[in-house]
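*Asks:* Sequence:
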Amino acid sequence: KETMFFETGSMRYGSRTTREPGADRMGKFQGKVVIVTGASSGVGEACARQFAAEGAITILVARNKKKLAALEKQIPGAKAYPADLSDPRVYDRLLKFAEKSGGVDVLVNNAGVNYRGAVQEVEEDLGTIIDLNLRAPVVLTQKALPYLMRSGGAVVNIASLAGRFPLPDEATYSGSKFGLRAFTLALSQELKGTGVRASLVSPGPIETGFILDEIDNVPPLVFSQPISTADQVAALVLRSALDGKPERVIPVSGGILATLAYLWPGLRNLLLPVLERKGRRVKEQYKARPSQ
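Take 1 as the starting number for the sequence shown in the working numbering and just add one per residue.
In case anyone wonders, no lab produced these hints; they're calculated from the structure. Hints may contain errors.
[Claimed, not checked] Label-pair distances were calculated between CB atoms; the ranges are:
1. Arg-239 to Lys-192: 17 to 23 Å
2. Lys-73 to Lys-28: 21 to 27 Å
3. Pro-246 to Lys-143: 18 to 24 Å
4. Arg-277 to Thr-194: 43 to 49 Å
5. Ala-70 to Val-274: 25 to 31 Å
6. Gln-120 to Ala-69: 22 to 28 Å
7. Leu-267 to Pro-246: 23 to 29 Å
Positions of the beta carbon are idealized from the N, C-alpha and C atoms, including for glycine.
Given the sequences, and given the hints that come with them, work out the whole structure.
*Replies:* Here it is as structure tokens:
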């Protein structure tokens, strides 16, 4: 059983051309305001750094005040906003803070939590997973839409391959990501013609503390897919914020596999033993690596 948290943020599309400190060129997100939730580490931190490198003003949202303060000093134009997204009272205050910084051009909903283990064995309140992984991005997106419509902006939600191929011992996490995927794809249809884009990035395993810090508790099936880096996932987030493609999956092979299993449910049961054997081998290889 494991408790790990991760988060991301947002961005906006306006006409500002203010250059970020130290910038030597006009970036793709020059002067745009991007909210990133779960920005203190992992994919969230990678998103914040990449958006800033492209000229964005990044609003860094996470619970860890110390980490946010350090990142605020390191990332040009970044503004820390310590907050617990499980508290819905935070959302309006966060958006008003972003508005004072210039508006809301992009919202990246990356914050999340996972408690691993069989449902009957998990001691923590599984409702927490639904609250942070699904309810928070849905409600924050709802409240951000008036701002995004003014800016012609984008919302990018971070889901998971677990939202396409459910994982044993991560049943509630998988359910939360299935829900977030359905919400985002439906929202992208609703927003057609409004100038606002809604996109989804669905990564497989990522080489961050979300998995590696509690590797003993991670189901072997997770390791059956190629492991991506936080920077690779963040790069897809930036692309999605620009072009509004409804969904991107990394690794691509995992997306194809999940689609096949969805179309032919019986195939999933045939594949599971094979994938779990492969995952066990890869997991042991990761556990055997020297500590960084």
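*Asks:* Within 18 to 24 Å: is that where the Cβ-Cβ distance between Pro-246 and Lys-143 falls?
*Replies:* Because 22 Å falls inside the window, the suggested range holds.
*Asks:* So does Gln-120 sit 22 to 28 Å from Ala-69, Cβ to Cβ?
*Replies:* violated (40 Å)
*Asks:* Check the following: the C-beta atoms of Arg-239 and Lys-192 are separated by a distance inside 17 to 23 Å.
*Replies:* holds (19 Å)
*Asks:* Between Ala-70 and Val-274, does the beta-carbon spacing fit 25 to 31 Å?
*Replies:* violated (43 Å)
*Asks:* That 23 to 29 Å hint for Leu-267 and Pro-246 (C-beta), does it hold up?
*Replies:* holds (24 Å)
*Asks:* So does Lys-73 sit 21 to 27 Å from Lys-28, Cβ to Cβ?
*Replies:* holds (24 Å)
*Asks:* Against the range 43 to 49 Å, how does the distance between the Cβ atoms of Arg-277 and Thr-194 compare: consistent or not?
*Replies:* Because 47 Å falls inside the window, the suggested range holds.
Consistency with the previously given hints fails for numbers 5 and 6, ordered from lowest to highest.
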